[in-house]
Amino acid sequence: MSENPKDFLLYADQLHKQYPDGQVRALGGVSLGIKEAEYTAITGPSGCGKSTLLNVIGALDRPDKGEVFFRGAPLGNQRDLDRFRARQIGFVFQSFFLLPTLTSLENVQIPMFEGALGSRERTRKAEELLGLVGMSHRAGHRPGQLSVGERQRIALARSLANDPVLLLADEPTGNLDSHNATLVLDLLTNLRRDRRLSLLIVTHSPDVAARADRVIRMRDGQIVAN
Amino acid sequence: MYFVTFVLKNLTRRPVRTALTVIGLAVSVGSMIALLGISENVEHSITDSLARRGVDLVVTSAGKTDQLASEIDEKLIDQVRQIPGVKEVSPAMVELIEITRDSGTSINVLVQGWPADNFVYEDIKILSGRRLLAGDHGKAMLGLTLSESMGKGVGDKVTIQGEPFEVVGVYQSFVVFENGSAALPLDEVQRMMARPGKVTGFSMRVEKSHNDPNSSVEAIRQQVNALTDSTGKPAKLSAQTTQSYVDSVSQLKVVRAMAWMVSVIGMLIGVISMLNTMVMSVLERTQEIGILRAIGWPRRRVVKMILGESVILALSAAVLGTIGAFAATYVLALFPKVNGFIEGGVPLKVAMEGTAFAVLIGLFGGSYPAFRAARLLPTEAIRHV
Ligand SMILES: Nc1ncnc2c1ncn2[C@@H]1O[C@H](COP(=O)(O)OP(=O)(O)OP(=O)(O)O)[C@@H](O)[C@H]1O
Ligand SMILES: [Mg+2]
Chain D
1 MSENPKDFLL YADQLHKQYP DGQVRALGGV SLGIKEAEYT AITGPSGCGK STLLNVIGAL
61 DRPDKGEVFF RGAPLGNQRD LDRFRARQIG FVFQSFFLLP TLTSLENVQI PMFEGALGSR
121 ERTRKAEELL GLVGMSHRAG HRPGQLSVGE RQRIALARSL ANDPVLLLAD EPTGNLDSHN
181 ATLVLDLLTN LRRDRRLSLL IVTHSPDVAA RADRVIRMRD GQIVAN
Chain U
1001 MYFVTFVLKN LTRRPVRTAL TVIGLAVSVG SMIALLGISE NVEHSITDSL ARRGVDLVVT
1061 SAGKTDQLAS EIDEKLIDQV RQIPGVKEVS PAMVELIEIT RDSGTSINVL VQGWPADNFV
1121 YEDIKILSGR RLLAGDHGKA MLGLTLSESM GKGVGDKVTI QGEPFEVVGV YQSFVVFENG
1181 SAALPLDEVQ RMMARPGKVT GFSMRVEKSH NDPNSSVEAI RQQVNALTDS TGKPAKLSAQ
1241 TTQSYVDSVS QLKVVRAMAW MVSVIGMLIG VISMLNTMVM SVLERTQEIG ILRAIGWPRR
1301 RVVKMILGES VILALSAAVL GTIGAFAATY VLALFPKVNG FIEGGVPLKV AMEGTAFAVL
1361 IGLFGGSYPA FRAARLLPTE AIRHV
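So the protein sequences, as listed, match chains D and U.
Start counting the first sequence at 1; every next residue gets the next number (my numbering).
Start counting the second sequence at 1001; every next residue gets the next number (my numbering).
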């Protein structure tokens, strides 16, 4: 181990992952450190293991070998993983994944059930977050009534529901036109500035990568440039 | 937003399926409530009537679970009357006897053979005609509902086990099933049944001390049970308090057992239908549940959501089923066949038992789907768009 996990907010150490049915190594010994309020972009060809890496870092999946350290401590058992994911991580996906029957305001509150807030406080906080992403005027609309750009902003508000320290985004602008992509990207960078949020963003977009502190290139389950 | 609001929203997503499931479950919970309610009501009406008549003890012959098969020598009744503290003794011969309608069809009716001095006469209401008197022969009284269903009133003739009887009175009793019965002089019933000098049982009123009525009753109960006949052999009488008598009546026991059996079957059907609904619902929401896990829900919360949905479904069914059971017992009480035997309404206790049943259906029927849902992998959910 050349670097010390304790120096990072999150440190992925020699991650290996092979899917049971796949011949390919999705991850072949990836190490990566993320500092507080740092913006890291990951790029690489399709199938090179970017999403896999993001999932393992976000505790959605476990590596076959290697470990993820958060503030110097390994992630541990399932209970800890759930808690870590709920409290420290915010997820944003390419296809938003909002619940279709809920309004914007309700969608943002979904992750809050695990927190300490009461019903009224949850609503207040959700209103606040909608304001932050400029969506207060769409609080009562369901996803189907929103444009895709608006949906991604709601999803972004939802990812902030439990005040995470690290935001993981898998091609967050992949389904957006350039105008909306810029809007979302601006929001992300503002969040990083105002909340000292660390960003780890998988992207194919040069614009998104250009704004990052550093860009990590992957190929065949390995980091080729950092 | 409350968590339960979210759970409710999930149920409104497929309103037709939700409604059908609730209706199906309501049928099983409702039939359970109706059956248990009816058996409870029948027991109540008997206990109440005995209590209201001031009956403290009911005496039948020992070892006979079927009240109609009980047989006691009338001579013993005089002995019982001699026991200090015994106020009144009211013997009766109760039999199911065939009454022929004018159309030629016949029905089995509970016929009560009452002596002219029976204290029962005190609290039945003579609606028309008169009560039976000492020395009456070939005379009968009809309970109100029996009189209505047969279309017979005072002065009409009825055929009881092939013999003609003249209706001298129509009565109404607060004991529901007595309204569906006929009353004949005791000696007529004894003759027709070829059981002269016998009764099927008797009820007793006893003197009670103010501060401890129960022990007065108990003391006399034991003396009755210990009676011997003229030859010194045990009389084998079984005196029971009204409550334990009602508990021991075998017909009521059968009704109770049937009600419970149907309830258990209903519960199984309920669990299966709940399983079906919830498994479908979980499969449909595979991706959504994966997302919930991905954005921070632990397995426990997914389980709570699914169980919450199934318990809410079950509780709605309990409400609907209780209302249905209420209505059903009232409708049933109108049928001529059961007329007089069944009261409308459901006791609170039974409604609560039904609700508890429903909650169990919700928990049992929801737990496997909840387990399935909790095992869904978030990575699978977000991989396919
Ligand atoms: N659940 C799975 N089962 C089997 N193989 C998988 C699974 N998930 C991913 N893979 C394989 O693992 C490799 C890495 O996949 P991953 O999704 O991480 O790539 P990616 O870099 O995110 O690609 P893209 O840019 O297309 O999203 C691919 O070869 C993929 O086919
Ligand atoms: Mg990917």
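Be a bit skeptical, because a hint or two may be false.
[Claimed, not checked] Cβ-to-Cβ under 10 Å is the rule here; a few derived chain D residues that face chain U: (1) His16; (2) Ile89; (3) Phe93.
If you're looking for bench data, these hints aren't it; they were derived computationally from the structure.
Here the structure is a predicted model, which means the values were calculated and not measured.
Glycine included, every Cβ here is placed at the ideal spot set by N, Cα and C.
Results for each hint:
1. His16: violated, 16 Å
2. Ile89: The hint holds - Ile89 (chain D) has a Cβ within 10 Å of chain U, the shortest such distance being about 8 Å.
3. Phe93: holds, 6 Å
The structure is inconsistent with hint 1 alone, although it conforms to all the rest.
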